[in-house]
Amino acid sequence: KNQVEQSPQSLIILEGKNCTLQCNYTVSPFSNLRWYKQDTGRGPVSLTIMTFSENTKSNGRYTATLDADTKQSSLHITASQLSDSASYICVVSPGFTGGGNKLTFGTGTQLKVEL
Amino acid sequence: ETGVTQTPRHLVMGMTNKKSLKCEQHLGHNAMYWYKQSAKKPLELMFVYSLEERVENNSVPSRFSPECPNSSHLFLHLHTLQPEDSALYLCASSQEATSGANVLTFGAGSRLTVL
Numbered sequence: 165k166n167q168v169e170q171s172p173q174s175l176i177i178l179e180g181k182n183c184t185l186q187c188n189y190t191v192s193p194f195s196n197l198r199w200y201k202q203d204t205g206r207g208p209v210s211l212t213i214m215t216f217s218e219n220t221k222s223n224g225r226y227t228a229t230l231d232a233d234t235k236q237s238s239l240h241i242t243a244s245q246l247s248d249s250a251s252y253i254c255v256v257s258p259g260f261t262g263g264g265n266k267l268t269f270g271t272g273t274q275l276k277v278e279l
Numbered sequence: 750e751t752g753v754t755q756t757p758r759h760l761v762m763g764m765t766n767k768k769s770l771k772c773e774q775h776l777g778h779n780a781m782y783w784y785k786q787s788a789k790k791p792l793e794l795m796f797v798y799s800l801e802e803r804v805e806n807n808s809v810p811s812r813f814s815p816e817c818p819n820s821s822h823l824f825l826h827l828h829t830l831q832p833e834d835s836a837l838y839l840c841a842s843s844q845e846a847t848s849g850a851n852v853l854t855f856g857a858g859s860r861l862t863v864l
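Chains X and L, in that order, give the protein sequences. Each residue of the first sequence is one higher than the last, beginning at 165 in my numbering. Each residue of the second sequence is one higher than the last, beginning at 750 in my numbering.
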């Protein structure tokens, strides 16, 4: 069964600190992995998308890594800001034709950034 | 706004009521989706429409009835719901439904409470 597991479930950090969120998946065959940010009361917004051949991708203070061999990804947030407080969801897409609507979602990591 | 607009944002209904959720996308996408998001659970795909044709019905109870009159509008008709149907209902769109490379654009969601 395809699964995406995220850790930690929740995290509290001080403003200005860095943090790393983890995502392990068992989806096979694999096409790509995305990280979404979901603010409270809003829908998820895409941060990054990584394909099989990509190891690292950055989007401002967000850096995602992917190890397709161990089926692990991480999202590193640098110099956190209060606006980073949100749920971060890892989503994996399977690598077969017609798999676009067969996404597997993680339960998310709830991040809170405090003063 | 992200280009996907959902109304109403909040809805409270009794178990015998009939109501509808509305979604509109202004992105020129060909695929639209309904997802259910419950606390501490991954997003659950409910329905997928591609060019106004339903291509996926993920074993959703018949008390949820989708309608896609054109490629820009999607409805979710609700009747005789149960309290466990209380959740955030997210509408999303993408360029097409079959490619795993497509990025979903989500609406802000409709928070449904069934009494």
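For the record, the hints were derived by calculation from the structure and aren't laboratory data. Bear in mind the structure is a predicted one, so any value in this text is a computation, not a measurement. The C-beta atom is built at its ideal place from N, Cα and C for all residues, glycine as well. Treat each hint with caution, since some may be false.
Stated by the list, open to error - To list a few chain X residues with every Cβ distance to chain L over 10 angstroms, as calculated:
id: 1; residue: L178
id: 2; residue: T184
id: 3; residue: Q186
id: 4; residue: R198
id: 5; residue: G270
As the list claims (entries may be wrong) - With a straight-line cut-off of 25 angstroms between C-alpha atoms, the simulated DSS-like cross-links for lysine-lysine are:
id: 6; chain 1: X; residue 1: K276; chain 2: L; residue 2: K771
id: 7; chain 1: X; residue 1: K165; chain 2: L; residue 2: K768
id: 8; chain 1: L; residue 1: K790; chain 2: X; residue 2: K266
id: 9; chain 1: L; residue 1: K768; chain 2: X; residue 2: K266
id: 10; chain 1: L; residue 1: K790; chain 2: L; residue 2: K771
id: 11; chain 1: L; residue 1: K790; chain 2: X; residue 2: K165
id: 12; chain 1: X; residue 1: K181; chain 2: L; residue 2: K771
id: 13; chain 1: X; residue 1: K235; chain 2: X; residue 2: K266
id: 14; chain 1: X; residue 1: K276; chain 2: L; residue 2: K768
id: 15; chain 1: L; residue 1: K767; chain 2: X; residue 2: K266
id: 16; chain 1: L; residue 1: K785; chain 2: X; residue 2: K221
id: 17; chain 1: L; residue 1: K785; chain 2: L; residue 2: K768
id: 18; chain 1: X; residue 1: K235; chain 2: L; residue 2: K771
id: 19; chain 1: L; residue 1: K790; chain 2: X; residue 2: K235
id: 20; chain 1: X; residue 1: K165; chain 2: L; residue 2: K771
Checked hints:
no., hint, verdict
1, L178, "holds, 25 angstroms"
2, T184, "holds, 21 angstroms"
3, Q186, "holds, 16 angstroms"
4, R198, "violated, 7 angstroms"
5, G270, "violated, 6 angstroms"
6, X:K276 x L:K771, "violated, 31 angstroms"
7, X:K165 x L:K768, "violated, 35 angstroms"
8, L:K790 x X:K266, "holds, 17 angstroms"
9, L:K768 x X:K266, "violated, 28 angstroms"
10, L:K790 x L:K771, "holds, 23 angstroms"
11, L:K790 x X:K165, "holds, 16 angstroms"
12, X:K181 x L:K771, "violated, 40 angstroms"
13, X:K235 x X:K266, "holds, 18 angstroms"
14, X:K276 x L:K768, "violated, 35 angstroms"
15, L:K767 x X:K266, "violated, 30 angstroms"
16, L:K785 x X:K221, "violated, 29 angstroms"
17, L:K785 x L:K768, "holds, 16 angstroms"
18, X:K235 x L:K771, "violated, 37 angstroms"
19, L:K790 x X:K235, "holds, 21 angstroms"
20, X:K165 x L:K771, "violated, 33 angstroms"
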